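**Q** From first to last, the protein sequence lines are chains A, B, C, D, E and F.
So in my numbering, the last one in the first sequence is 230, and the numbering has no gaps at all.
So in my numbering, the last one in the second sequence is 230, and the numbering has no gaps at all.
So in my numbering, the last one in the third sequence is 230, and the numbering has no gaps at all.
So in my numbering, the last one in the fourth sequence is 230, and the numbering has no gaps at all.
So in my numbering, the last one in the fifth sequence is 230, and the numbering has no gaps at all.
So in my numbering, the last one in the sixth sequence is 230, and the numbering has no gaps at all.
Take these hints with a grain of salt, some might be off.
Because identical chains cannot be distinguished in the list, a pair is counted as satisfied if it fits within a single copy or across any two copies.
[As the list claims (entries may be wrong)] In silico SDA-like links for lysine to any residue, alpha-carbon gap of 20 Å or less:
hint, residue 1, residue 2
1, K6, V157
2, K27, R194
3, K201, M130
4, K44, V157
5, K44, A15
6, K223, F4
7, K44, R108
8, K223, A185
9, K27, E182
Read the hints as simulated data drawn from the structure, not as lab findings.
Computed from a predicted model, the values in this text were never measured in an experiment.
The lines below spell out each chain.
There are 6 protein chains.
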Amino acid sequence: MTEFGKLGVAVRNIARADADIAARLAKAGVATVHEAQGRTGLMKPYLRPVWPGAAVAGSAVTVLAQPGDNWMLHVAAEMLTPGDVCVVAVTTDNDDGMFGDLLATSYRARGCRGLVIDAGARDARTLAEMQFPVWSRAIHAKGTVKATVGSVNVPVVCAGMLVHPGDVVVADDDGVVVVPRERAAAVAAAAEAREKNEASKRARLAAGELGIDLYGMREPLAKAGLKYVD
Amino acid sequence: MTEFGKLGVAVRNIARADADIAARLAKAGVATVHEAQGRTGLMKPYLRPVWPGAAVAGSAVTVLAQPGDNWMLHVAAEMLTPGDVCVVAVTTDNDDGMFGDLLATSYRARGCRGLVIDAGARDARTLAEMQFPVWSRAIHAKGTVKATVGSVNVPVVCAGMLVHPGDVVVADDDGVVVVPRERAAAVAAAAEAREKNEASKRARLAAGELGIDLYGMREPLAKAGLKYVD
Amino acid sequence: MTEFGKLGVAVRNIARADADIAARLAKAGVATVHEAQGRTGLMKPYLRPVWPGAAVAGSAVTVLAQPGDNWMLHVAAEMLTPGDVCVVAVTTDNDDGMFGDLLATSYRARGCRGLVIDAGARDARTLAEMQFPVWSRAIHAKGTVKATVGSVNVPVVCAGMLVHPGDVVVADDDGVVVVPRERAAAVAAAAEAREKNEASKRARLAAGELGIDLYGMREPLAKAGLKYVD
Amino acid sequence: MTEFGKLGVAVRNIARADADIAARLAKAGVATVHEAQGRTGLMKPYLRPVWPGAAVAGSAVTVLAQPGDNWMLHVAAEMLTPGDVCVVAVTTDNDDGMFGDLLATSYRARGCRGLVIDAGARDARTLAEMQFPVWSRAIHAKGTVKATVGSVNVPVVCAGMLVHPGDVVVADDDGVVVVPRERAAAVAAAAEAREKNEASKRARLAAGELGIDLYGMREPLAKAGLKYVD
Amino acid sequence: MTEFGKLGVAVRNIARADADIAARLAKAGVATVHEAQGRTGLMKPYLRPVWPGAAVAGSAVTVLAQPGDNWMLHVAAEMLTPGDVCVVAVTTDNDDGMFGDLLATSYRARGCRGLVIDAGARDARTLAEMQFPVWSRAIHAKGTVKATVGSVNVPVVCAGMLVHPGDVVVADDDGVVVVPRERAAAVAAAAEAREKNEASKRARLAAGELGIDLYGMREPLAKAGLKYVD
Amino acid sequence: MTEFGKLGVAVRNIARADADIAARLAKAGVATVHEAQGRTGLMKPYLRPVWPGAAVAGSAVTVLAQPGDNWMLHVAAEMLTPGDVCVVAVTTDNDDGMFGDLLATSYRARGCRGLVIDAGARDARTLAEMQFPVWSRAIHAKGTVKATVGSVNVPVVCAGMLVHPGDVVVADDDGVVVVPRERAAAVAAAAEAREKNEASKRARLAAGELGIDLYGMREPLAKAGLKYVD
C-alpha cells in the first residue's frame, strides 16, 4: 500500500470493492451503514450535498490536492472506472471551487458515480440538472490553478476520516461514511439485518408502544439514577 | 417549578398552553411573533429546518441531554401529548444525530408536532418524506449511546434561549421563537394586530410609496445627521 | 467618488452600468464571469441564496448599515431604479434579519432585481413565494432598530469584496461576483467567448477524452514531478 | 422577579450573595465549582480572559445590550456596588468593543470586581495594566453607539447560561460558571469538600497509583466491554 | 492607481505616509485611531497578534497572495523601505503558514516594522524572540509553495478592510486599523485631541462620577423609554 | 496492527520510536519537521498550547474517546511509559474538559511528556504551574462522565491527521506534527540538514540579501508572468 498522505504519486491500479456490495450499501444508507460497522467511518457533517436526494456508493479513487489547485482532479479522471466515487482531500483547509460542470462531464463519461470533496464545488445548478452527485464543504465559484502536484490513490484523511483507495464510500442526505474494502461484505450483511430489525420496531413504535418499554430501558434508567416527579 | 438545568429528573405533569393559541401563533409565524412580544424569545439562527416549508407551534416538552447520548429523548416520548413540540438542549455543544426516523415514528404516534434540537438529526430524507418537522444545528448520521441521565421537563437553554416546559415554541423557515405560556394569549393577539397593520403597509409599499414617507423617517434621519448628496 | 466607508451620507445620483451588459453577465453566470475577469471580484462563499435558482445582475446601489439597524435600507429604497441590485454591508459582523417581505415589496415596486446582504434576512418563505432574490449570510427573524445613520451609495466592502455604487453585481446559486462598471462590457465579452470555448470542451469530455490530453497536461505534470505507479 | 429578557427596564435594588461565600467560590475555582453544583452553570468556552491569571467571584449585575450599542453598560455603572461582577448579554451575536479602559475605570471606582461580556472588549493592554479582569468573546476596537435601550438587572442568557441578578458569577482561566444565589452557600461547602478529597487523590496519583485502581474502574470497564489485547 | 485586486503586477514606487505621522498614530493606538477617523478602517477581529504587546504603525506595502503560496511575500521584500508595514491579503480564505523567521529576518533587514497577514504565520516562538510583530488569522506550520503569481502594491481587501499601498496601518493588541494616507495627518490630530479629552474623563470617572452624569445621558435615556424600577 | 478506529479495545504493547530520535525531532521543531518529511503530518491549527513555550516529542499512546466521556484517558494511563505523548481523538467534535490537573499528575508520574487532545482541557492555570504541556481545541471546565468504552492504542485521526500508536508526535508553539515511527530517523536527519541549510540563509537575509536573489526567483517569476511597474 502506498504511504499515507505522500505527495507526487499517481497510482494506476487499485483493488476495488464488489459493485454489488456497493449497491447494497447505498440502499442501506449512511446512517444504517455507520451503525452496522460499529459506529465508525463517518466524515464530519460539514460535508453537505450540493443538491438533495442523491444516494450513491462506490469504490474510492482518492485525490490529495493542494489548496487552490485542482490539477490532481484532472489526473484522477484517467484512474476512474465505472462505479467509482472520487474522494478529494486537500493538504490544508480550502473552500475553492475545484470541481464544476466540465469535470463532472468528464467524470460521468468515465462512469464515476459521484464526488466527495473536502473543498468547494461550483456550477451548482448545472450539477443538479446533470444529476451528478457532489458532497462538498462549500459552494464557491473561486477558480483554481494547475501548478503543484498532489497525489492520486494514496490513503488520505477527508473531512476527518481515513480513506484508502478502493474503500467503499457511501453518501446520501445524511452525509458520507467510509467502509474499508475488506469489511464491505460483512457490513452490508449487518446493515441489511439491522434494517429488517428496525422494520418491526418501527411498526411497534407507530402503534404507540414506547421505546423505553420496547428497549427495556426502565430498569437501567432507575439504576442510572433518573427520578420521576409529578 | 423544577430547578433550571437540574440533571436526573423527569417531570411527568406540566401545565401546557392552550392549543388554539398555539395554532394562532403558528399562523402568525416566527418573525411576527418575535416582534409582537417585544423582540425577545428567538433562538440562534444556526438552528435550521431539516426540510423547508414546515410551520408549527406547540407546548414545549423540554429535554436536557448529555453529549453523544439520546437516552432522554426516549424518556421524553412518554411525556409527549398531542400538540406538543419537543425541545432538546444538551449540556455542551454536540452535533451527533440524536434523532432519526424511529424516534420520529414514536413521537408522531404520541401526537408530537415537531422537534427543536440543539444537536444533530439523521434520516433526513425519511423525516422529509414523513413530513415530521425538525429544526436542528446539524444533519449528522453519528449514532448516540444511552448511558447517562439528563432530564425531561426542567427549564433549559436551547440555542441561546430559555425554555420552560409548557412554553409555546413556534418554528418555521425563519427559525424558532419561544413564547412564555402565561404571555401566549397576549402575544397571539398582538401578532394578529401586527399582521393586519402590515397588510395595509404592504399595499402602500407595493404601490410605490416609500417607507421613509410611510414611516415618517425624513425628519428623524435629518436630525440623526444624514446628509443627502447629489 | 465619495470616500470609502464614510458614514452619514446618502448619494442620490450614481453612474450605472448598461442594462444590456448586466443581462449578458447574468446569463454567463457567476463562475464564468469570475474567470472571465481574471479570477477577481468574488464575495465570500458564506453568502447563500435564501431560495435556490435565482440568477440576477444589475447595477449596485450600496448600503452601509450599522449592526442591528436597518434604517439605511429604507433610505436606499428611494435611490433604487429599475434594474438595480441592492448591496448591503455592515460596519461589523451581524446576522440580524434586516430585510423581509415588506422591504422586498417596496424594492420590487422600485424595480430592484435583488438584494445581496452581509447580514440576515427574514420572511424566507414569503421571499421565495414572491420570487424576490436575496443572498444573505443568515436567515434570522431578529428585528432591527432604526436609530443610527450609515450611508447609501458609498464604496463598501461586502462579504470581503470591494463594491462601488454602479458596479455590476452578478449573483446565482454559485454566489456573488462584482464587476467594476468600467470593465463590464469587456468582461461580458470575455465571458461569452469563454462560454463558447467551453461548449466544445464539454463535448469532447463527454465523449470520453481526458482533460489531461485535451489541456496538454502530461508534460507539465511530469516536469512538476508527478510519478505514475502501477 | 423581573421578566426574563425584558427590554427597557433598569432594576435598582437586587438581592446579592454573601461576599464571604463569593470569596470561597473564587478560591475553589471554576472547574471545581462546576463539579460541586452537579455539572451545571457553565458558560460556553468561547468566553476567554482578556489577560490570563485573574480569578474573581461576585454577585451579578446583569446587562442586556443591543448589538453595537453599549448604552446600558453606562446605566449599569450606577447599580454596581463593591464586590459585584457585571454580566453583559446581547440580544444577538455581536463582537463589538463595548467595554474599554474608561468604563473599567468607572466600574472599578464603583467597586466592581470584573466583567463577563458576550461581546467584545477593547483597550486590552490597558485592562491588563489596570488588572481589571474581563472575560469576552472577542477583543475588538469597534466602537459602539448609545442609541437604543436594553435593560439592567433582568434575567438574561449570557454565553449559553441563564443568569439572574444577584447570582454568583465565578470566573478564572478555565472560563465562567454561574451559581444561583440561593444555592451559593451549599455549593461553596461542596466545592471545599471536593477540594479536600482531591488533595489525597492527587498525592496517590503522584505516587504512581493508577486512576483505574484508585477509582475502582477495572470491573466496570470489563462489564462495559473493554477488551485488553497484548 | 493600479486596479483593485489585479493579479500579476508588482508596483515598485508608491507614495508613503509621513513617518512622523505614523509614529503619532501608533502612539494613539488602534481603538483611539478608529474613533478619531469616524469609526471606519478596522480589520476583522480574527486577526490576532502572534505575541502580545507590540504596537506599530507604518506605510502599507500590500501583497495579494494565492492560497498556499507565499511567492509574493518574497517579491514584496524588495519593495519594503524602512518604516513600512507589510499587509498580506489572499485571493481566498487560507490559514497556511506563509511567513516565518527567515522572511522576518529579511523584512527586518529591509527596515520593515511588522506584518499583517490574512493567513497563517509560523515560527511563532522565534518571531516573539526576535520581537518582530505579526498579526495573523492563524498560527500554522503548514508550508507553502512558490508557483503562482499574485501582486505587490495593488489595492486589496485584508480581513474585511480596503487597503491602498501607502495607507497607514496601525496595529496593537486591540487589532488593526487602516488610515488612508491623505487623511493620516488629520486623523493623527483628531486622535491626539481625543486622548486629551479622555484623560479628564478618566479622572472624573476614577473619582466616582457616573458616566450617565458625565455624558448627560439621563434625559436621552428617559426619552428612549428606559424605566427605572426599585 | 489493530483496526483503524475500532472501539472497545485497549492494546497493551506497542512498538515505540527511539527516545533519542524523538529528542532530535523536538529540537528541530514542528515547522522544520513538517518540511523535512515532505510537508505531511500536520494536525489542524485549531489545536493550541494551553500555555506557551512548551516543546516536546515522544511516542504516541493513542486514545479514542467518546464525546463527554474521559474514561479511556484513565485506561491509557496504565499504557504510558516514560517519554510517551498521549494523543486523544474523539468519535465526534467535542470541547469538554476531558483532562485536568489530576490526570496530569497521574500522567507525569508515568513519565508522560505531554498531551495532544482533540477536545477540551481544564485546570489551565495549574497545568501551566506544573509545566505539563497540553495542546487542545478548547479550554473548558465542562466535566465528563465515565460510561462508554472507546479504545487505547488503535490508529486514530486526531485534528485531521492519522496517528498510529508509536508514531512520533512533535508539538510546540507552531502546532503538532506526526512522524510515522519507521520514518522517524530519516526525518530527524533531514530536519537537521534543513536547519543547517537555513542558518546560512538566515545570515545572508539578515545582511540584506533579497530572497528573490538568494533563491533565484527572478527568472521563474518572469516566466510565470509577473510584471514590474514603476
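**Q** Would you mind marking each hint as holding or not holding in the structure?
**A** Checked hints:
no.	hint	verdict
1	K6 with V157	both (12 Å within a copy, 16 Å between copies)
2	K27 with R194	within (13 Å within a copy, 40 Å between copies)
3	K201 with M130	between (38 Å within a copy, 16 Å between copies)
4	K44 with V157	both (11 Å within a copy, 12 Å between copies)
5	K44 with A15	neither (26 Å within a copy, 30 Å between copies)
6	K223 with F4	neither (46 Å within a copy, 23 Å between copies)
7	K44 with R108	neither (26 Å within a copy, 29 Å between copies)
8	K223 with A185	neither (38 Å within a copy, 30 Å between copies)
9	K27 with E182	within (19 Å within a copy, 41 Å between copies)
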